[in-house]
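J.: Chain by chain, the residues:
There are 2 protein chains.
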Amino acid sequence: MEKLNVLPELVKSESKDIAPTTSRRSFLKGGFEAMGVATLASTPAIALANESIQSDFPTWSTTMGKGLNDYGQPAKYESNVKRGIAKAYGDLAPGTGSARTPLESLEGIITPSGLHFDRSHNGTPDIDPKLHQLSIHGLVKKPLNFSVSDLLRYPMISRTYFIECAGNSSANIIAPNPIQGTAGALHGLISCSDWTGIPLATLLNEAGVDTKGKWILAEGADSSGMSRSFPIEKGFENALIALYQNGEKIRPEQGYPMRLLLPGWEGNMSVKWLRSLKITANPTHTKDETSKYTDPLANGLARQFTFELGVKSVITKPSGTMKLPEPGLYEISGIAWSGAGKIAKVEVSENGGKTWRDALLDGNSQPFCLTRFRAPLQWNGTPLFLQSRAIDEKGNIQPTREVYKANNAIDGRYHNNTIITWAINQEGVVSNAYL
Amino acid sequence: MEKLNVLPELVKSESKDIAPTTSRRSFLKGGFEAMGVATLASTPAIALANESIQSDFPTWSTTMGKGLNDYGQPAKYESNVKRGIAKAYGDLAPGTGSARTPLESLEGIITPSGLHFDRSHNGTPDIDPKLHQLSIHGLVKKPLNFSVSDLLRYPMISRTYFIECAGNSSANIIAPNPIQGTAGALHGLISCSDWTGIPLATLLNEAGVDTKGKWILAEGADSSGMSRSFPIEKGFENALIALYQNGEKIRPEQGYPMRLLLPGWEGNMSVKWLRSLKITANPTHTKDETSKYTDPLANGLARQFTFELGVKSVITKPSGTMKLPEPGLYEISGIAWSGAGKIAKVEVSENGGKTWRDALLDGNSQPFCLTRFRAPLQWNGTPLFLQSRAIDEKGNIQPTREVYKANNAIDGRYHNNTIITWAINQEGVVSNAYL
Numbered sequence: 001m002e003k004l005n006v007l008p009e010l011v012k013s014e015s016k017d018i019a020p021t022t023s024r025r026s027f028l029k030g031g032f033e034a035m036g037v038a039t040l041a042s043t044p045a046i047a048l049a050n051e052s053i054q055s056d057f058p059t060w061s062t063t064m065g066k067g068l069n070d071y072g073q074p075a076k077y078e079s080n081v082k083r084g085i086a087k088a089y090g091d092l093a094p095g096t097g098s099a100r101t102p103l104e105s106l107e108g109i110i111t112p113s114g115l116h117f118d119r120s121h122n123g124t125p126d127i128d129p130k131l132h133q134l135s136i137h138g139l140v141k142k143p144l145n146f147s148v149s150d151l152l153r154y155p156m157i158s159r160t161y162f163i164e165c166a167g168n169s170s171a172n173i174i175a176p177n178p179i180q181g182t183a184g185a186l187h188g189l190i191s192c193s194d195w196t197g198i199p200l201a202t203l204l205n206e207a208g209v210d211t212k213g214k215w216i217l218a219e220g221a222d223s224s225g226m227s228r229s230f231p232i233e234k235g236f237e238n239a240l241i242a243l244y245q246n247g248e249k250i251r252p253e254q255g256y257p258m259r260l261l262l263p264g265w266e267g268n269m270s271v272k273w274l275r276s277l278k279i280t281a282n283p284t285h286t287k288d289e290t291s292k293y294t295d296p297l298a299n300g301l302a303r304q305f306t307f308e309l310g311v312k313s314v315i316t317k318p319s320g321t322m323k324l325p326e327p328g329l330y331e332i333s334g335i336a337w338s339g340a341g342k343i344a345k346v347e348v349s350e351n352g353g354k355t356w357r358d359a360l361l362d363g364n365s366q367p368f369c370l371t372r373f374r375a376p377l378q379w380n381g382t383p384l385f386l387q388s389r390a391i392d393e394k395g396n397i398q399p400t401r402e403v404y405k406a407n408n409a410i411d412g413r414y415h416n417n418t419i420i421t422w423a424i425n426q427e428g429v430v431s432n433a434y435l
Numbered sequence: 001m002e003k004l005n006v007l008p009e010l011v012k013s014e015s016k017d018i019a020p021t022t023s024r025r026s027f028l029k030g031g032f033e034a035m036g037v038a039t040l041a042s043t044p045a046i047a048l049a050n051e052s053i054q055s056d057f058p059t060w061s062t063t064m065g066k067g068l069n070d071y072g073q074p075a076k077y078e079s080n081v082k083r084g085i086a087k088a089y090g091d092l093a094p095g096t097g098s099a100r101t102p103l104e105s106l107e108g109i110i111t112p113s114g115l116h117f118d119r120s121h122n123g124t125p126d127i128d129p130k131l132h133q134l135s136i137h138g139l140v141k142k143p144l145n146f147s148v149s150d151l152l153r154y155p156m157i158s159r160t161y162f163i164e165c166a167g168n169s170s171a172n173i174i175a176p177n178p179i180q181g182t183a184g185a186l187h188g189l190i191s192c193s194d195w196t197g198i199p200l201a202t203l204l205n206e207a208g209v210d211t212k213g214k215w216i217l218a219e220g221a222d223s224s225g226m227s228r229s230f231p232i233e234k235g236f237e238n239a240l241i242a243l244y245q246n247g248e249k250i251r252p253e254q255g256y257p258m259r260l261l262l263p264g265w266e267g268n269m270s271v272k273w274l275r276s277l278k279i280t281a282n283p284t285h286t287k288d289e290t291s292k293y294t295d296p297l298a299n300g301l302a303r304q305f306t307f308e309l310g311v312k313s314v315i316t317k318p319s320g321t322m323k324l325p326e327p328g329l330y331e332i333s334g335i336a337w338s339g340a341g342k343i344a345k346v347e348v349s350e351n352g353g354k355t356w357r358d359a360l361l362d363g364n365s366q367p368f369c370l371t372r373f374r375a376p377l378q379w380n381g382t383p384l385f386l387q388s389r390a391i392d393e394k395g396n397i398q399p400t401r402e403v404y405k406a407n408n409a410i411d412g413r414y415h416n417n418t419i420i421t422w423a424i425n426q427e428g429v430v431s432n433a434y435l
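Residue numbers (this note's numbering), protein chains in the order written: chain A, 1 to 435; chain B, 1 to 435.
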């Protein structure tokens with residue numbers, strides 16, 4: 001977090017509304033002014049001595065720049081913005097574990113493909129698209145095999161969808177005391193892309209599903225043989241065979257040359273490197289849905305097939321390991337999402353949930369998509385507990401950690417959509433906290 | 001273009017509507033069926049011999065995959081998907097020219113940042129963000145200097161906006177006979193990103209614009225000193241100081257660490273590597289708005305300050321240099337945009353504009369943003385002239401090349417938003433054509 005040279009003029013002025021919607025005005029009026037920002041003693045902006053500004057031109061203004069290139073990369077000054085890697089078995093299985101999206105460094109709702117999170121069970125396979133096939137078989141009238149080039153001829157749709165790992169934020173459940181880290185390290189198994197692909201319903205209709213076919217077993221071509229069962233209704237409702245991610249072909253770590261995409265459902269079900277869809281009468285109970293991805297409950301039973309992800313939000317700025325350099329005005333920025341559809345509302349609290357106020361939702365909320373929210377934070381130098389709480393269009397609301405712990409077994413960890421708390425101490429240091 | 005193993009079942013079946021909106025059903029009903037696709041004799045899908053499919057597992061299913069990595073890249077099999085480079089002075093000035101977005105290889109509406117087009121006048125400067133400053137000065141009450149870290153404290157908004165070079169598609173105007181190339185080579189100076197930044201109005205209000213201040217001179221920190229004047233109203237309406245592009249910090253070729261973004265206006269005005277905004281009483285008439293970026297007219301005069309880009313569309317699939325392998329059903333996919341706001345409608349023609357039918361707009365159209373459109377193409381093996389024609393929310397419609405040529409001087413070339421024609425010959429080869 002950096003020092004802000006502002007802002008009496010910003011708040012006092014009768015500014016024109018500059019945003020395409022009316023949200024900006026309401027933000028300034030309802031946000032900054034409601035927060036009493038106009039009375040804030042802020043550091044004045046740096047006044048220029050005269051108009052002959054920046055008279056010493058830097059080298060980059062006086063020398064020829066770098067030549068054109070055919071595939072661009074981030075600026076070298078941003079080389080610290082990268083996925084955080086957590087290997088499950090170190091160098092024994094370098095592809096088993098996760099690479100997490102650095103949420104604290106990102107803005108907007110699109111995750112750059114190079115920073116999309118990756119949770120893999122045996123690494124990223126090197127699949128030759130000319131040799132890869134997708135089979136649809138089992139309880140169908142006509143089993144079908146599709147090459148990638150077959151599929152590229154089909155009608156497609158483009159949608160912006162998030163993917164979240166069922167194990168995202170699990171450290172905040174299983175660790176008895178809060179682990180300290182960035183927002184990405186703690187909650188970075190969530191990313192969002194503009195996906196393009198073929199509605200699975202198109203292919204199911206072509207194969208002709210038998211009336212006995214009620215489930216689909218999806219299997220990946222990687223060497224972990226990642227396999228999940230899902231109800232056939234989801235296949236007809238909004239499942240995609242995704243071939244493109246953020247405009248270009250899907251990235252290797254996200255399933256090149258194709259992945260299943262089940263919008264709003266736990267990420268591992270959106271099977272990467274998809275090779276087979278088998279229509280079955282019942283769920284298959286694969287290793288990935290019995291030994292893994294079930295939820296042990298407080299009553300001693302385990303809940304299987306927890307498909308839909310809960311409504312959730314995380315404040316990305318300010319967030320863990322950051323520091324507010326001084327009292328003053330800051331912008332809270334964060335992301336919210338729900339497996340049930342659109343985000344209806346996000347609230348923020350500065351007192352650990354005692355009182356809440358509305359955040360601004362930036363842009364139009366889309367179903368199964370990240371929504372960026374923003375709110376002003378007037379920090380007066382005293383410690384506080386910053387929280388956000390999202391509500392979706394179905395009325396679902398984020399629970400507290402206490403509620404999760406009461407409903408789940410002591411080793412439960414999946415589907416943690418509880419309210420996240422960032423503590424800010426009197427030095428302005430932001431840390432992960434439990435309340 | 002690849003062979004499609006379809007689709008009587010797809011069309012005949014009473015499929016459930018799988019898209020989140022009702023658009024898919026209307027596409028299938030109004031599109032494929034209206035096109036008589038159900039009567040198409042198509043190649044049947046490959047029937048599997050039995051359910052023991054793909055019994056020979058490929059290497060990637062039996063060996064450990066690649067390890068996790070901190071910043072992903074496209075699959076090696078996609079290495080041909082890159083920006084096409086047109087250097088203006090070869091190796092004498094390797095950064096002068098353009099790198100064009102390969103539109104024909106992309107889907108959806110987001111351009112991956114590595115493939116965003118780049119039009120530079122003297123290369124990409126290597127700017128240290130710690131040393132860069134933005135100055136707002138001239139006719140203001142209080143001149144201001146902002147460091148990058150100052151700006152990162154300000155309230156931001158995120159919006160998906162296209163940027164198009166005023167010279168995009170100029171080859172189709174100046175070449176007496178159609179030049180053959182891909183959609184990207186001919187029309188790839190258009191890209192679209194999720195931008196996050198500070199509304200310029202916020203900073204203008206902080207500086208306090210003098211009542212005599214009617215224009216703003218924006219100047220880049222690159223060694224071409226790219227400079228453009230724009231009316232101050234645009235600065236208050238929707239101009240952004242963009243700091244983020246598709247989630248991460250703006251890429252060097254797009255203006256790192258910041259660019260001005262004037263939504264819907266010709267791309268060169270969205271000054272990259274922005275260092276100075278000077279408030280003036282009148283336009284400055286810089287070299288970049290007198291010798292360049294003016295439009296010589298048929299009547300001998302030149303039109304200066306043609307800010308707003310026209311409504312436009314381009315079919316990206318099928319497009320130049322592609323080949324339809326055989327008669328059959330294909331999906332037309334393309335992008336449309338307008339400098340005046342949202343896209344209201346896109347029409348396609350297979351007979352060079354004699355008759356038109358509606359394309360499907362995929363998703364919700366947003367202002368100053370690409371809209372993906374789709375339509376079925378039933379190709380029976382006879383030559384045809386494929387066109388698209390976009391209409392925006394203000395009722396603007398794409399003109400023909402003939403109209404452009406009549407209204408502009410013989411060497412006019414900017415702001416070519418005319419209807420693009422792809423000819424398909426009897427072998428299925430797609431080429432650029434004038435009608």
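Treat each hint with caution, since some may be false.
As the list claims (entries may be wrong) - Far from chain A, by Cβ distances over 10 Å, these chain B residues were calculated: (1) G65; (2) G67; (3) Y77; (4) G84; (5) R159; (6) P176; (7) Q180; (8) S227; (9) P231; (10) N246; (11) K287; (12) T294; (13) N351.
Unchecked claim - Taking lysine-lysine pairs in the DSS-like style, the calculated list, with each CA pair at most 25 Å apart, reads: (14) A:K342 with B:K342; (15) B:K287 with A:K130; (16) A:K130 with B:K323; (17) A:K82 with B:K66; (18) B:K214 with A:K287; (19) B:K214 with B:K234; (20) B:K405 with B:K394; (21) B:K405 with A:K292; (22) A:K66 with B:K323; (23) B:K212 with A:K130; (24) B:K287 with B:K345; (25) B:K141 with B:K66; (26) B:K287 with B:K234.
If you are wondering where the hints come from, they were derived from the structure by calculation, not from laboratory data. Using N, Cα and C, we set each Cβ at its ideal position, and we do this for glycine too.
J.: Which hints from the list above does the structure break, by number from lowest to highest?
T.: 1, 2, 3, 4, 5, 10, 15, 18, 21, 22, 23, 24, 25
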